[in-house]
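Asker: Based on the provided sequences and hints, a complete structural model is requested.
So the protein sequences, as listed, match chains A and B.
The opening position of the first sequence corresponds to residue 1 in the working numbering, with each subsequent residue numbered one higher.
The opening position of the second sequence corresponds to residue 1001 in the working numbering, with each subsequent residue numbered one higher.
Calculated from the structure, these hints are not laboratory results.
Among the clues, some could well be false.
Reference listing, derived: stretches of chain A covered by chain B, where coverage requires no fewer than 3 residues with Cβ under 8 Å from a Cβ of chain B [said to hold, decoys possible]: (1) 37 to 48; (2) 99 to 113.
With a cut-off of at most 30 Å between alpha-carbon atoms, the simulated DSS-like pairs for lysine-lysine come out as follows [unchecked claim]: (3) B:K1042 <-> A:K71; (4) A:K57 <-> A:K71; (5) B:K1071 <-> A:K57.
Idealized CB from N, CA, C, for every residue including glycine.
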Amino acid sequence: NAGVTQTPKFQVLKTGQSMTLQCAQDMNHNSMYWYRQDPGMGLRLIYYSASEGTTDKGEVPNGYNVSRLNKREFSLRLESAAPSQTSVYFCASSGGQLSYEQYFGPGTRLTVT
Amino acid sequence: GESVGLHLPTLSVQEGDNSIINCAYSNSASDYFIWYKQESGKGPQFIIDIRSNMDKRQGQRVTVLLNKTVKHLSLQIAATQPGDSAVYFCAENLNARGSYIPTFGRGTSLIVHP
Chain A
1 NAGVTQTPKF
11 QVLKTGQSMT
21 LQCAQDMNHN
31 SMYWYRQDPG
41 MGLRLIYYSA
51 SEGTTDKGEV
61 PNGYNVSRLN
71 KREFSLRLES
81 AAPSQTSVYF
91 CASSGGQLSY
101 EQYFGPGTRL
111 TVT
Chain B
1001 GESVGLHLPT
1011 LSVQEGDNSI
1021 INCAYSNSAS
1031 DYFIWYKQES
1041 GKGPQFIIDI
1051 RSNMDKRQGQ
1061 RVTVLLNKTV
1071 KHLSLQIAAT
1081 QPGDSAVYFC
1091 AENLNARGSY
1101 IPTFGRGTSL
1111 IVHP
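Answerer: See the structure below:
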């Protein structure tokens, strides 16, 4: 099992550009999440998907959109990137034996200039 | 603002010492509390959890204590090793629409000196 995979690992964008961060899990988990992590901070929830076909806003959803493409994949889109969105983005999934335990991907380091 | 916070952002210990990392939470309705370990350049990894109806849980070299009276959580690591060096996060979890939504604290950086 690969667990949770994210692409790309690194990305540099200019202000106003758009991009989509991809996330996939092979653990048959129902729930998936997107977080951002800024230096010296904990993880802040952007959006989550409790199950295929549903998405909900987290703590910091502004400037982002998500798509739960199927049970495996959950993508995060930045329509018009801003320097304030420079961060490390983590995708996670849950729904195993401990339904609240989250499995995290390796992260995407995004810089917006 | 954040509902989960840590008292000590950085903790330095000598190899072999015991480490204690503290965390305060604010939501008395949280169902589960989890400690995660994040090594440099990686995503957080589950260490140990405790349910809200417990006050202590032990794992391998780790113990989590929960004090609901003062809304305090701690992680104790016995005989700390250099491989324990990482950032540790506590997270409180609420069940929302069948999905557990965690709130993370800022994290404590544990530095273990050989």
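Asker: So, for every hint listed, does it hold in this structure?
Answerer: Outcome of the hint check:
Counting residues of the region 37 to 48 of chain A whose beta-carbon sits less than 8 Å from any beta-carbon of chain B gives 7, enough to reach three: the coverage restraint holds. Proximity of the region 99 to 113 of chain A to chain B, defined as three or more residues with a beta carbon under 8 Å from a beta carbon of that chain, is established by the 9 residues found. Taking the CA atoms of K1042 (chain B) and K71 (chain A), the gap is about 24 Å. The hint holds against a cut of 30 Å. Restraint check for K57 (chain A) and K71 (chain A): satisfied, since their Cα atoms lie roughly 18 Å apart, inside the 30 Å limit.
The suggested pairing of K1071 (chain B) with K57 (chain A) holds, with an alpha-carbon distance near 26 Å, which does not exceed 30 Å.
When each numbered hint is compared with the structure, no violation occurs for any of them.
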